[in-house]
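Novice: Each chain is listed here by its residues.
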Amino acid sequence: MIELKIDNKMVAANEGETVLQAALRHGIEIPHFCYHPCLSIAGNCRICLVKVGGRPKLMPSCNLAVAPNMEIETDTEEVAEARRAVMRFITLNHPGECGICDKAGECRLQDYHVRYGEPEPISIEPKSRKPKFYDLSPRILLDNERCILCGCCVRFTQEVSGSHQLGIVERGSHARVERLETGAFDDPYSDNVIGLCPVGALLSRDFLYRSRVWYLEPVRSVCTGCSRCCSVNVWRRNRHWHLRALGEELNRTAYRVTPFENPEINGPWICNKGYDLHRFMARQRVLQPMIAGRGASVEEALAEARRLLSESINPAALVSAHASNEELAAFQAALGPRLAVYSREDYRPAPGEAVEDGLLIRGVKNPNSYGVQALFGHRPYGVINGHDLLLVWGDNAEDTSFDGARVIRLASFGTQQEFTADVLIPVSTTFERSGSFSNFEGKVNRFDKVFDKPELVQHAGELFGRLA
Amino acid sequence: MTEPRVFFNFEVTADSHTLAACRERSGYRALEKALLSMAPADVEKEVTASGLRGRGGAGFPTGAKWFFVDKKSRVVYLCCNADEGEPGTFKDRWIFENSSHQLIEGVLLAAYALNVRHAFIYIRGEFDLPYRRLREALTEAYAAGLAGERILGTEFCCDIIVHRGGGAYVCGEESSLLTSLEGFKGYPRNKPPFPAVKGLYQAPTVINNVETLATIPWIISHGGGAYAGIGNQNNCGTRLFGISGHVNRPGLYERPTGYPLKRIIFEDAGGIRGGKALKAVIPGGSSTPVLKGFEIEQVSLDAESVIQAGSMLGSGGIIVIAEGTCMVRLLQVLTRFYAHESCGQCTPCREGSAWMDRVLGRIVAGQGVKGDLESLESVTRGIMGNTVCALGDAASMPVASFLDKFRDEFAYYIEHGRSMNDGRLEV
Amino acid sequence: MRKDYWNKPEMGLWERLYIFEVIRGLCITGSVFLGNMWKWLTFRKGALTAYYPEELRSDYSPNNRGRHVLTQRDNGQVQCVSCNMCATVCPAYAIEILSTANFADPCHPKAPERFEIDYSRCIFCGFCVEACPEDAIRMVKEVPDFPGFDRDRMWAGMDLLMNWRPMRDPAKHYPTPQAPLREVPE
Amino acid sequence: MSCLADKFDRLSATYPAQMRSSLVLPLLHLMQEEKGHLTESDAVFIADYLGVPAMQVKEALSWYTMLQRAPVGRHVIKVCRNISCSLMGAERLIDYLKQKLGIGEGETTPDGRFTLLLVECLASCGTAPAMQVNDSYHEELSEARIDAILEELS
Amino acid sequence: MIQDLVVYLLFIGYAIGFMLGLATLFTWVERKQSAVMADRIGANRCYIRIPFTNVRLVAWGLFHGIADGAKMLLKENFTPHTYDRFCYNLAPWLAAAPVLLVFSVVPFGGTVTPGRLLPQLHAFFGERSYLMQVASLDAGILVVLSLSGIGILGTMLAGWSSNNKFSLLGAARAASQMISYEVAMGLALISLVVTYGTLDLNGMVTRQSGLLLGFLPAWGIFMQPLAFLLFLTAAIAENKRVPFDLPECESELVAGYFTEYTAMKMGLFMLSEFIEIVVVSALLVTMFLGGYNLPYLSAGGFVLPGGASWALPHLAVVLLQVGTFAAKVILAGCFQIQVRWSLPRFRYDQLMGFGWKFLLPLAALNLVVTACVRWWTL
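Protein chains in written order, with our numbering: chain A, 4 to 471; chain B, 462 to 888; chain C, 28 to 213; chain D, 70 to 223; chain E, 14 to 391.
Don't read these hints as lab results, they were simulated from the structure.
Since the model is a prediction, treat every value here as computed from it, not as a measurement.
Note that beta-carbon positions come from the ideal geometry of N, C-alpha and C, so glycine has one too.
Warning: the hint list may mix true and false statements.
As the list claims (entries may be wrong) - Using 20 angstroms as the maximum straight-line C-alpha spacing, the simulated SDA-like pairs for lysine to any residue come out as follows: (1) B:K652 to A:P221; (2) B:K652 to A:G57; (3) C:K35 to E:T40.
Said to hold, decoys possible - Just so you have them, the derived chain A footprint on chain B, three or more residues with Cβ under 8 angstroms: (4) 805–812; (5) 820–832.
Stated by the list, open to error - Here are the simulated distance ranges between beta carbons: (6) C:D177 to E:F348: 42 to 52 angstroms; (7) A:L249 to E:N90: 32 to 42 angstroms; (8) C:D177 to A:R309: 42 to 52 angstroms; (9) B:R868 to A:P191: 51 to 61 angstroms; (10) C:D177 to A:A336: 33 to 43 angstroms; (11) B:K737 to D:A213: 49 to 59 angstroms; (12) B:Y873 to A:E123: 25 to 35 angstroms; (13) B:K737 to C:D196: 50 to 60 angstroms; (14) C:D177 to A:P191: 45 to 55 angstroms.
The whole structure should be built from the sequences, with the hints applied where relevant.
Specialist: Rendered as structure tokens:
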């Protein structure tokens with residue numbers, strides 16, 4: 004523990020910390036663009052300059068290790084002047100197009116400009132032109148005019164994802180971020196640079212111009228892409244800004260997915276598959292309960308399922324690895340003793356998908372395989388056949404044959420025609436319920452409800468009690 | 462010539478740069494003396510005793526710099542900073558062309574003192590003849606057993622690697638030189654950590670200027686005390702001063718520190734061209750503040766005196782400007798240079814140098830407006846001291862001083878759209 | 028010293044007796060009432076207000092701001108860049124904009140695909156006009172002719188807003204887009 | 070490319086083995102000597118040879134001014150335009166050269182012989198004005214000297 | 014007596030119909046009158062379409078009252094989170110019921126002898142005659158005072174049980190205001206009682222049936238002009254109408270003590286206000302404006318000052334008296350509305366000062382003078 008004084012306030016800092024980290028931890032705001040806790044220190048934006056007692060020059064606080072009895076001042080006129088100067092330089096060639104910039108509203112440059120900048124530019128030079136909407140990859144656009152060359156994205160590819168696919172080329176005021184001409188920026192973690200960018204230089208094509216960010220609000224959820232179970236924020240439309248003329252369905256749409264910083268599981272990053280989670284969830288849904296291929300009410304379907312269950316001699320259940328721990332517990336309590344239980348892999352790696360790497364991506368492409376196996380053991384269906392009734396719980400039309408057994412299906416995605424079940428009951432997706440998953444290390448990660456479920460769709464956890 | 466000469470102690474002829482010629486004038490004696498009779502610590506002690514200061518511009522005492530290096534470290538690197546890019550400075554080039562062996566000897570001595578296995582000479586990419594001379598000299602030295610394995614039969618081994626730069630002024634900054642040497646674009650590094658702690662490939666590294674290293678053989682053979690006796694007390698020794706600009710005999714002069722500036726301009730360099738009056742002097746390379754003609758009366762060529770006058774001695778490149786030169790256009794030449802050479806890493810320098818260049822370009826094109834000078838000044842204030850390396854300061858200091866000292870000329874140019882003088886740089 | 032911050036009425040005895048002033052006031056309102064009543068009874072209209080929508084006024088103030096116009100660029104495209112400032116500032120949440128990306132026009136990559144104003148909610152405050160950074164939305168002297176029995180019918184879309192009274196923007200001329208947006212060397 | 074690889078090997082032998090990354094700049098110089106100018110594929114080639122990220126080489130290639138990224142003429146004339154040379158008349162000489170060669174800054178004559186580049190300080194301030202043709206310096210220039218130099222080259 | 018029962022049931026029905034009908038009418042009158050005063054049109058959007066045609070019966074917006082009533086009955090009944098449901102639900106009734114009851118002692122006509130109205134009725138009624146009044150009480154005026162005292166309770170309960178700061182403030186204001194003005198009103202009425210020497214309202218009306226100085230109707234307004242003014246002021250204040258609407262002033266307290274009420278509960282408050290207009294007008298008419306007395310009209314017909322007379326049948330006299338009373342009430346109500354749209358609201362301190370420092374002394378003075386005069390003339 005090192006005690007130092009920031010703005011006449013005694014602050015306790017850890018050994019090896021920088022002044023910026025210590026200040027931020029204690030709620031003292033020092034502006035910063037190029038600093039990111041998970042990346043190396045670049046020290047090139049120069050907005051975090053602070054006054055250190057006994058030193059003539061201002062020091063960048065991001066590169067200033069704490070020392071005992073250090074006296075730091077962040078609100079002197081000298082520091083404010085330096086910040087104003089740096090804001091002047093940064094905004095010198097930054098186009099004033101917040102109106103059409105997707106970052107506006109969560110842009111640090113915007114915030115700092117309001118707080119530390121000057122209302123009117125003193126420069127009368129025309130802004131310099133650089134390539135706009137430079138294609139980094141089919142997922143990401145780069146607007147070099149907006150770029151402030153903090154280098155966060157470059158450092159991300161060098162230090163976190165290790166793909167080294169981005170770099171700052173040219174020198175001086177011509178410097179700009181580029182990829183190799185020959186290769187797209189196809190890093191499996193590439194979308195992280197969008198959130199990393201303190202300004203709106205890196206744009207997600209998927210989210211491009213879909214909504215202003217202040218119309219949205221994040222809800223904590225969990226990525227179901229693999230057994231890492233990264234925490235994510237799902238951005239839905241804020242209740243106050245619900246749309247009417249443009250379509251009610253937009254109010255029930257997840258606009259984008261961003262990482263939710265969870266140091267235990269994923270840190271501040273998620274992979275591109277996680278960024279695509281909302282598209283995964285926007286697939287065709289099963290919305291209508293069916294009995295032998297024709298629509299029925301929920302009650303009828305349940306009654307039929309109960310009848311099948313009571314009539315069967317040797318029933319079995321295939322349990323979804325997308326089920327939350329709570330649903331598994333409900334299943335275990337209601338039906339567990341009566342059925343032979345098999346664990347089910349809802350999704351397997353798609354062809355061409357990154358299978359496993361050292362950073363986040365895991366080979367098992369289901370979120371709660373660990374939870375299922377902890378409760379029921381690792382028992383894939385197919386070892387023993389000869390059941391006369393199968394309760395198949397989970398998405399993805401199964402390629403396993405059911406051997407003439409009668410089938411009760413609980414599914415979320417797909418078309419009605421896809422399922423040849425005796426009873427089909429639609430169940431809610433991860434976005435429509437709250438609960439928790441246990442990831443491959445057994446860490447429990449909870450998720451909240453993002454949207455209300457459609458009317459005829461049931462929560463699986465509530466179904467089992469009514470089935471028993 | 463009564464004063465001792467470290468460099469200009471021989472006559473330059475067609476083959477004066479060869480090993481044989483060098484040996485004739487007692488080259489490599491100091492190396493022999495050091496390797497055979499002195500411990501590495503003794504060499505360092507001599508250098509410390511000599512009071513030698515770095516000749517690259519900052520003037521940091523060489524002995525102190527060596528002292529900070531952890532010599533017990535597994536690897537210590539030595540880099541010779543030969544990326545001479547400061548406009549107005551051309552001393553290292555002379556050393557390479559005429560006295561490479563002196564530098565090699567100096568490098569080996571420093572390597573011996575610092576326990577260095579690999580020494581690098583980072584030479585400017587544009588230097589073609591100097592590079593070839595240095596390679597020749599190195600080949601000769603390797604052939605004569607003066608470099609490489611088991612030098613002079615002792616246990617001391619040192620390889621000297623010559624690394625050509627790619628054309629970047631900022632690589633003369635020590636940390637950016639290291640980055641460049643590691644094969645990256647030459648971005649300066651944040652300090653701390655200093656190169657003496659974490660330098661080339663994260664190992665402790667000493668970076669010395671060519672002139673500094675080339676002085677060391679003289680110090681070893683004559684003793685540190687002898688060197689300390691030359692020139693001023695605080696800032697001793699001789700220095701190479703390059704005089705350029707509007708003088709009759711521009712060129713390189715070796716003078717002890719404390720030599721009057723006026724004398725070197727008006728006597729040694731033969732006075733101003735065409736008999737014109739002296740308008741201004743930039744005393745230490747283009748990045749130092751300008752001095753007006755009348756300000757140099759009492760100035761002598763040592764760091765303190767020049768600082769007292771309001772400028773810096775820097776790398777010793779004296780640029781003389783005669784009456785009738787357009788200072789606005791001259792400053793634009795400088796800002797263009799710094800805008801071109803800004804590496805693009807940190808914001809104030811990247812944007813500020815280009816901004817100053819654009820404003821001055823506009824003024825020179827006759828489209829200056831009223832607030833331009835004030836905004837230029839605020840830009841220099843914004844850059845000064847806020848950048849990663851010293852290039853930002855270097856870019857803003859001339860602007861600030863030009864504006865300070867020749868404001869009327871700038872105001873006239875903005876008001877009338879043309880120069881107060883005839884607008885030429887040449888006289 | 029205590030300072031009086033309000034305008035203390037200086038009332039004479041007559042005013043302070045109150046009753047007479049009350050009677051005077053009643054006489055004033057009563058005379059207006061009787062006058063107007065007489066007009067009603069003699070089938071002349073005794074009111075300044077109109078039966079909307081059967082009657083429409085013709086003498087609107089030039090400052091009246093009744094309907095919105097989306098201005099157009101010289102090439103007839105909508106000037107709006109879909110920045111949503113108007114929608115954000117709108118106190119009645121009456122504006123909804125759907126944006127689209129249009130890289131064919133590099134100077135205006137963002138454009139509205141749909142632009143809807145809900146006249147059942149609009150309070151005609153004019154904030155949208157003030158918030159617009161592009162002078163793309165204006166309010167002009169007109170009455171919103173949207174009386175109806177169905178709230179959903181009171182939306183004005185982009186076609187209507189642009190075309191019911193097409194307006195070019197005389198104040199702001201955009202440069203023709205510089206075709207290649209590669210770096211321009213100085 | 071095999072002969073190039075030989076040269077690469079020879080050059081890399083002069084550096085300590087653990088300093089592969091340092092070879093980026095020397096190899097770029099070498100490649101430029103061979104090919105006249107460098108493209109991104111050359112950078113990728115060097116990166117593959119050294120085992121460093123291609124982006125690092127690309128950054129270096131774009132950053133160092135001596136590395137040509139566009140085709141140049143047989144003789145590259147680099148004229149210093151910095152302070153000392155300007156004081157000694159570099160601007161006049163640049164105009165003269167432009168007019169004589171009929172090209173502007175950064176351009177190549179139609180016959181592909183000369184490329185005119187304006188560079189910052191060549192460290193010839195004492196012997197200003199100066200220019201560098203290919204690699205060799207020409208100092209204390211005047212119109213007559215330039216004529217003579219160009220004469221000699223052609 | 015079955016005949017009595019029939020007659021009094023008819024009277025009660027008439028009284029309730031009279032009050033509710035006029036109250037509904039006054040809601041329309043208030044809108045329309047204020048519109049005409051302010052150069053506007055006023056309520057005009059409600060209509061009844063005649064079935065199977067496209068003819069729309071607008072009738073100057075008269076159906077607005079009906080629409081209002083329907084709306085209030087059909088609206089969702091919000092209740093606040095209060096811990097006293099009982100008081101909250103009781104309050105509207107406490108506010109409305111006393112107002113309705115006040116009318117029971119007000120005579121809305123002279124003496125009627127049903128048997129003489131129509132020959133057919135004679136067999137049934139015989140020669141019985143009735144005062145046209147629901148309850149002919151000796152203590153009539155005291156009933157009025159006591160019932161209007163109960164009205165305060167409803168207001169207080171509503172404001173307190175709503176669990177809302179605006180309501181509570183409104184209720185507090187209402188209580189202090191009503192109690193304050195009750196005093197002045199009471200004193201004004203006492204001087205009236207001293208003048209007429211009776212507490213019975215019918216007796217008062219009868220006392221006003223004569224002529225003063227041979228030509229002037231012997232109405233209370235001419236006997237007690239100051240008491241008339243005092244009573245009018247205090248009655249408007251009791252009714253919490255402009256300029257005494259502090260308990261429910263929209264600009265400060267949303268809606269005052271009934272902020273938290275919706276639907277028909279709120280409707281009861283509104284209705285009681287308009288009924289109170291009717292009641293106040295009726296009292297005013299009864300006590301000061303000669304009640305059902307038409308000048309020069311006696312039980313047998315018109316008797317003009319010059320000695321000329323015009324005999325009328327009993328039915329015509331009764332109808333004239335009832336009609337006179339109704340017309341006077343309507344006019345007095347219109348006058349109250351006129352006041353409401355003419356005067357600005359008092360500040361609270363002004364209100365209190367006016368009540369205690371102006372009205373009360375004046376009423377006391379009036380009483381003293383009246384007593385002296387009465388003693389002198391007796």
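Novice: Going back to the hint list, which numbers does this structure go against?
Specialist: 1, 3, 10 and 11
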